[in-house]
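Same order as they appear, the protein sequences are chains U and X.
Note that our numbering has the first sequence beginning at 6, numbered continuously upward.
Note that our numbering has the second sequence beginning at 4, numbered continuously upward.
Be a bit skeptical, because a hint or two may be false.
[As the list claims (entries may be wrong)] Short derived list, chain U residues pointing at chain X, Cβ under 10 Å:
hint	residue
1	Asn76
2	Thr77
3	Ser102
4	Phe106
[Said to hold, decoys possible] Computed list of lysine to aspartate or glutamate pairs in EDC-like fashion (alpha-carbon distance at most 20 Å, straight line):
hint	chain 1	residue 1	chain 2	residue 2
5	X	Lys46	U	Glu90
6	X	Lys46	X	Glu4
7	U	Lys73	X	Asp76
8	X	Lys46	U	Asp92
9	U	Lys111	U	Glu90
10	U	Lys73	U	Glu88
11	U	Lys49	U	Asp92
12	X	Lys46	X	Asp76
13	U	Lys52	X	Glu92
14	U	Lys49	X	Asp65
15	U	Lys49	U	Glu90
16	U	Lys73	U	Glu57
17	U	Lys52	X	Asp114
18	X	Lys68	X	Glu49
19	U	Lys52	U	Glu88
20	U	Lys73	U	Asp60
21	U	Lys52	X	Asp65
22	U	Lys49	U	Asp89
23	U	Lys52	U	Glu90
24	U	Lys52	U	Asp92
25	U	Lys111	U	Asp92
26	U	Lys111	U	Glu88
27	U	Lys49	U	Glu88
28	X	Lys79	X	Glu4
29	U	Lys52	X	Asp76
30	U	Lys111	X	Glu49
31	X	Lys68	X	Glu92
Hint data in this document are derived by calculation from the structure and do not stem from the laboratory.
Think of the CB as a built atom: it goes at the ideal place given N, C-alpha and C, for glycine as much as any other residue.
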Amino acid sequence: QSALTQPASVSGSPGQSITISCTGTSSDVGGYNYVSWYQQHPGKAPKLMIYEVSDRPSGVSNRFSGSKSGNTASLTISGLQAEDEADYYCSSYTSSSTNVFGTGTKVTVL
Amino acid sequence: EVQLLESGGGLVQPGGSLRLSCAASGFTFSSYAMSWVRQAPGKGLEWVSGISGSGGSTFYADSVKGRFTISRDNSKNTLYLQMNSLRVEDTAVYYCAKTYSLYSSSWYGGDYWGQGTLVTVSS
Chain U
6 QSALTQPASV SGSPGQSITI SCTGTSSDVG GYNYVSWYQQ HPGKAPKLMI YEVSDRPSGV
66 SNRFSGSKSG NTASLTISGL QAEDEADYYC SSYTSSSTNV FGTGTKVTVL
Chain X
4 EVQLLESGGG LVQPGGSLRL SCAASGFTFS SYAMSWVRQA PGKGLEWVSG ISGSGGSTFY
64 ADSVKGRFTI SRDNSKNTLY LQMNSLRVED TAVYYCAKTY SLYSSSWYGG DYWGQGTLVT
124 VSS
């Protein structure tokens with residue numbers, strides 16, 4: 006199972022909006038609504054930000070939103086803040102009953 | 004409060020074995036599928052293995068199939084990962100993670116993660 010494809014890096018100024026893409030296939034992202042997004046700060050465990058494409062866990066800011074079109078899922082961070090600087094990973098359930106993560110995106114707040 | 008605490012990591016030679024444990028508390032352990040996810044130094048996340056709440060269904064990444072075995076003891080609220088025939092490329096921090104989906108047989112994503120345990124495979 007190949008990793009889902011994400012851009013290596015995305016940057017934006019405070020207050021701006023950025024979008025991170027996550028491209029898979031019809032056997033994972035395109036075939037299921039089990040796409041999740043995680044935020045990971047250096048040396049820390051991942052934190053769930055979005056699950057089932059667009060749902061936010063309790064406690065996660067509504068500045069984070071998710072969507073999906075075909076084989077590509079997206080995470081949008083609006084009103085970018087300094088604390089949003091981190092690595093972001095998408096993941097998807099697959100037709101093999103396994104899971105696959107994305108390659109990861111480093112978000113930089115300029 | 005949900006807590007997941009991994010243990011069992013360490014230094015092992017190529018070809019050796021190691022068993023990781025993940026002690027869970029703060030939720031009904033048997034009602035949730037669990038997974039192991041690893042992260043090699045400076046690299047991204049890689050899903051390794053998952054198990055249903057009952058333990059009756061197990062799933063593995065191709066990279067570890069036949070070498071790793073996931074299991075759970077619901078009476079002890081503990082998840083395990085038996086790792087055999089270890090390779091240098093298995094070197095990583097190993098996280099256990101609870102799925103967000105109650106009663107699902109598969110792990111669809113993790114809402115709670117442990118702090119991780121480092122496994123180093125080197126001669």
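Taking the hints in turn, this is what the structure says about them:
1. Asn76: violated (18 Å)
2. Thr77: violated (18 Å)
3. Ser102: Holds, because the Cβ-Cβ distance from U/Ser102 to chain X comes to roughly 5 Å (cut-off 10 Å).
4. Phe106: Where the cut-off is 10 Å and the nearest Cβ of chain X is about 4 Å from U/Phe106, the hint holds.
5. X/Lys46 x U/Glu90: With a Cα-Cα distance of about 17 Å, the restraint between X/Lys46 and U/Glu90 holds, given a limit of 20 Å.
6. X/Lys46 x X/Glu4: Answer violated: X/Lys46 to X/Glu4 is near 30 Å, above 20 Å.
7. U/Lys73 x X/Asp76: Measuring from Cα to Cα gives roughly 37 Å; hence the hint is violated.
8. X/Lys46 x U/Asp92: holds (11 Å)
9. U/Lys111 x U/Glu90: OK: U/Lys111 and U/Glu90 at ~8 Å, within 20 Å.
10. U/Lys73 x U/Glu88: violated (25 Å)
11. U/Lys49 x U/Asp92: Holds: U/Lys49 and U/Asp92 sit about 11 Å apart, inside 20 Å.
12. X/Lys46 x X/Asp76: violated (31 Å)
13. U/Lys52 x X/Glu92: Violated, because 25 Å separates the two Cα atoms, which is more than 20 Å.
14. U/Lys49 x X/Asp65: violated (26 Å)
15. U/Lys49 x U/Glu90: holds (13 Å)
16. U/Lys73 x U/Glu57: holds (10 Å)
17. U/Lys52 x X/Asp114: Holds. U/Lys52 to X/Asp114 sits at ~7 Å (cutoff 20 Å).
18. X/Lys68 x X/Glu49: holds (14 Å)
19. U/Lys52 x U/Glu88: Answer holds: U/Lys52 to U/Glu88 is near 13 Å, not above 20 Å.
20. U/Lys73 x U/Asp60: Given pair U/Lys73, U/Asp60 holds - Cα atoms ~12 Å apart, limit 20 Å.
21. U/Lys52 x X/Asp65: The hint is violated at about 25 Å.
22. U/Lys49 x U/Asp89: Holds - the C-alpha atoms of U/Asp89 and U/Lys49 are around 14 Å apart, at most 20 Å.
23. U/Lys52 x U/Glu90: OK: U/Lys52 and U/Glu90 at ~13 Å, within 20 Å.
24. U/Lys52 x U/Asp92: holds (10 Å)
25. U/Lys111 x U/Asp92: holds (4 Å)
26. U/Lys111 x U/Glu88: holds (13 Å)
27. U/Lys49 x U/Glu88: holds (14 Å)
28. X/Lys79 x X/Glu4: holds (17 Å)
29. U/Lys52 x X/Asp76: violated (26 Å)
30. U/Lys111 x X/Glu49: Roughly 17 Å between the alpha carbons, so the hint for U/Lys111 and X/Glu49 holds.
31. X/Lys68 x X/Glu92: holds (14 Å)
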